[in-house]
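Novice: Going by UniProt numbering, the sequence shown runs without a break in its numbering and finishes at 224.
Because the hints were derived from the structure by calculation, they are not lab data. Ideal Cβ placement from N, Cα and C applies to all residues, glycine included. A few of these clues could be false.
[Unchecked claim] The calculated label-pair distances, taken between Cβ atoms and stated as ranges, are:
{"#": "1", "residue 1": "N201", "residue 2": "T79", "range": "30 to 36 Å"}
{"#": "2", "residue 1": "G139", "residue 2": "E191", "range": "25 to 31 Å"}
{"#": "3", "residue 1": "G112", "residue 2": "R143", "range": "48 to 54 Å"}
{"#": "4", "residue 1": "T79", "residue 2": "P58", "range": "39 to 45 Å"}
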Amino acid sequence: MNPPSKNRPGKLLGNGQRQLLVCALLFNMLLLSGCGLFGFGKDDDEDQPEYYEAVEAPPLEIPEGLARPGAAGALVITTPPAPLPQRELQSVPPRVSSTSTGKNQNAVLRWGSDGAYLLVEDSASSVQRRLGFVIKRAGMGMRELDSGAGYEVEYWHQPKSEKEGFFSRLAFWRDDAPNYSGTYRVTVREEGEKARVYVKNADGSEPDPAASEHILVVLGERLG
Numbered sequence: 001m002n003p004p005s006k007n008r009p010g011k012l013l014g015n016g017q018r019q020l021l022v023c024a025l026l027f028n029m030l031l032l033s034g035c036g037l038f039g040f041g042k043d044d045d046e047d048q049p050e051y052y053e054a055v056e057a058p059p060l061e062i063p064e065g066l067a068r069p070g071a072a073g074a075l076v077i078t079t080p081p082a083p084l085p086q087r088e089l090q091s092v093p094p095r096v097s098s099t100s101t102g103k104n105q106n107a108v109l110r111w112g113s114d115g116a117y118l119l120v121e122d123s124a125s126s127v128q129r130r131l132g133f134v135i136k137r138a139g140m141g142m143r144e145l146d147s148g149a150g151y152e153v154e155y156w157h158q159p160k161s162e163k164e165g166f167f168s169r170l171a172f173w174r175d176d177a178p179n180y181s182g183t184y185r186v187t188v189r190e191e192g193e194k195a196r197v198y199v200k201n202a203d204g205s206e207p208d209p210a211a212s213e214h215i216l217v218v219l220g221e222r223l224g
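Using the sequences and the accompanying hints, generate a full structural model.
Specialist: Laid out in C-alpha cells, this is it:
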C-alpha cells in the first residue's frame, strides 16, 4: 500500500500554518479599524452640518385681496413689580418690643415693619399738640414740621452724673452709655382712634434702632 500524499486536499493545517493564519486575520482587523479611526474612506460631505445644504426659500407671495399673515410672537405675561419694603426688617427685635412706658399705660412701645414706634391711646391731633409740650419739658430743641404732623427735635445726650461714689469710680471697666445726641424727626400717624409716634433721622432715613427706641422711651414716659 502506498503512503498518503503530503499535499492531499482536506488535510488539516499544522500548528505553524494556523498561527500564521491567525496573525494575518489580526493584522487585517487592525488595519481596518485604523482606517475607520482616522476617517479614511469616509465621505467629507457626511461630516458637514445639515444647514450647508439649505437653500433660501423665495419670499411668500400674497395673492391680491388677502392680507399678509401677522408674525405672532411669544405670549408674554407681565406682572406689576412687588413694592419694596419701607425698611429692611432687623433679624431681631429691639430690647423692648412691647411695653408700657407710663404709669397709666397710655403709651406703649411696639415694633413693626417700620421699626419701633409708640402707640398712644389718643387722637393724632391731640398727640401732636401734647408732643410739643413733652419735647420742651424733655429739654430738646424743636421745630414743627411744615406738614404739621410732627417735629424736628435736637436731642442732647445727658452725661453721667459727676457725683459718683468711690466704688463707682473704681469700676473703670464699665463703658459709658451710648451717645444718641443728634437731630431727629418725630412724626405722628393716625391709626383709628389712636396714634403712632415714629422717630426718624433728620433727612427721613432710618436711625439706629437703639437710638429710636431710646428717644421713644423718653417721650413715652411723659406722654403716658
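Novice: Determine for every hint whether it applies to the structure shown.
Specialist: Comparing the hints with the structure gives:
For N201 paired with T79, a C-beta distance near 34 Å keeps the hint of 30 to 36 Å intact. The supplied range of 25 to 31 Å is met by G139 and E191, whose beta-carbon atoms lie about 28 Å from each other. About 26 Å separates the C-beta atoms of G112 and R143, a value inconsistent with the hinted range of 48 to 54 Å. The hinted window of 39 to 45 Å between T79 and P58 holds, with their beta carbons roughly 42 Å apart.
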